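Q: Turn these sequences into a full structure, and let the hints steer you where they fit.
The opening residue of the sequence shown carries number 3 in our numbering; numbering runs sequentially from there.
If you're looking for bench data, these hints aren't it; they were derived computationally from the structure. Keep in mind that the hints are not guaranteed to be accurate.
As the list claims (entries may be wrong) - Simulated restraints on C-beta separations: (1) R137 - D83: 24 to 32 Å; (2) K157 - D213: 32 to 40 Å; (3) K157 - Q246: 39 to 47 Å; (4) D146 - R226: 23 to 31 Å.
For clarity, every value in this text was computed on a predicted model and none was experimentally measured. All C-beta atoms, glycine included, are put in the ideal place defined by N, C-alpha and C.
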Amino acid sequence: MSSTQKKIRLLREYVGRHPMWVAWQVTYRCNFRCGFCGYWHDEQGKQPEQTVEQFEYGARQMARLGSVFVSLAGGEPLLRDDIVALVEVIARWHLPFVTTNGYLMTPELARELYEAGAWGVSVSIDYANAEQHDRRRGMKGAFDRAVRALEYLAKGRKYAWQRVNLMSVLMHDNLDQMEELIKIARGCGAYFMVQPYSAMKTGDERFVCRDPQVSEKLLELRGRYPNMLSNPYFLSQFRNAVTQGVGGCMAGRAFYNIDSLGNVSICVERRSVPVGNLYEDNIVLLYRKMREEAKGNTCKSCWYNCRGELESLYHPYGLFRSLPTYFFDRGQVPEEMPVW
Numbered sequence: 003m004s005s006t007q008k009k010i011r012l013l014r015e016y017v018g019r020h021p022m023w024v025a026w027q028v029t030y031r032c033n034f035r036c037g038f039c040g041y042w043h044d045e046q047g048k049q050p051e052q053t054v055e056q057f058e059y060g061a062r063q064m065a066r067l068g069s070v071f072v073s074l075a076g077g078e079p080l081l082r083d084d085i086v087a088l089v090e091v092i093a094r095w096h097l098p099f100v101t102t103n104g105y106l107m108t109p110e111l112a113r114e115l116y117e118a119g120a121w122g123v124s125v126s127i128d129y130a131n132a133e134q135h136d137r138r139r140g141m142k143g144a145f146d147r148a149v150r151a152l153e154y155l156a157k158g159r160k161y162a163w164q165r166v167n168l169m170s171v172l173m174h175d176n177l178d179q180m181e182e183l184i185k186i187a188r189g190c191g192a193y194f195m196v197q198p199y200s201a202m203k204t205g206d207e208r209f210v211c212r213d214p215q216v217s218e219k220l221l222e223l224r225g226r227y228p229n230m231l232s233n234p235y236f237l238s239q240f241r242n243a244v245t246q247g248v249g250g251c252m253a254g255r256a257f258y259n260i261d262s263l264g265n266v267s268i269c270v271e272r273r274s275v276p277v278g279n280l281y282e283d284n285i286v287l288l289y290r291k292m293r294e295e296a297k298g299n300t301c302k303s304c305w306y307n308c309r310g311e312l313e314s315l316y317h318p319y320g321l322f323r324s325l326p327t328y329f330f331d332r333g334q335v336p337e338e339m340p341v342w
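A: Given below as structure tokens:
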């Protein structure tokens with residue numbers, strides 16, 4: 003299925019109100035020791051992981067629901083020796099996006115991921131200061147390796163529509179570094195995206211950004227830097243997200259989650275209460291269970307990209323600003339601000 007066909011399907015599923023985005027933890031293993039994440043010491047990382055054949059079956063099942071975007075994350079997905087094969091089978095029906103810390107990226111792997119059909123690869127960098135980033139991530143050399151990964155990826159793309167992103171988690175001590183991070187991304191030929199830290203992941207409130215002007219500051223940057231891809235409506239809700247929360251969560255309707263064992267839940271932070279298993283249950287029945295659970299969902303504790311960027315599409319202003327990047331953007335970082 004071509005990229006154009008997948009994008010047409012995306013529009014159809016959007017109109018039909020079907021889940022468009024799936025977050026899939028391909029592994030719980032991780033080579034970093036981030037203080038704001040618990041995957042690296044999760045016992046599930048010791049369990050057997052799904053095979054390529056299982057992923058192919060799962061991709062077929064997800065296509066039945068209309069899901070288009072599939073985020074392959076972790077843990078650290080590049081710890082899987084078969085990550086290129088996973089991207090290849092997912093790309094037959096979907097637009098796969100790999101999220102990585104970049105430490106294990108090589109020029110060869112970057113090229114292979116894009117040749118396999120990756121729609122994009124996102125590298126996580128939270129601080130423009132190498133020492134801060136390395137300390138927060140619990141790995142010496144993490145910053146330098148992440149920047150090199152962005153450079154490898156920018157050179158390794160096969161098609162013009164394939165993307166490279168620098169992704170930052172907004173925390174209590176890095177708002178003033180966002181502009182420099184945007185510049186780092188631009189220098190590497192990458193887009194920049196940001197999402198706020200949520201205490202849902204660890205229960206630790208210390209990392210939450212409490213700046214009352216957070217939305218205004220990020221929107222000002224969005225207006226000046228054409229490589230900042232985060233949706234303006236998504237950014238406009240950051241202040242609410244870190245104070246009172248954002249209601250109307252569409253988990254289980256617009257997006258859902260699959261963990262490294264195939265357990266399906268309406269959200270990445272609801273992994274402990276799955277609605278079923280991708281390999282053991284009928285996908286249509288799983289979808290009905292997700293819709294039923296979503297009816298009573300009053301959670302407003304996070305404003306992750308998987309939630310906020312998608313929900314922006316259901317807001318008139320957010321839809322107007324997002325659709326061009328999904329359907330017409332060529333993946334190249336623009337030199338000037340687009341007219342939309």
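Q: Name the hints, by number, that the structure is in violation of.
A: Result: no hint breaks.
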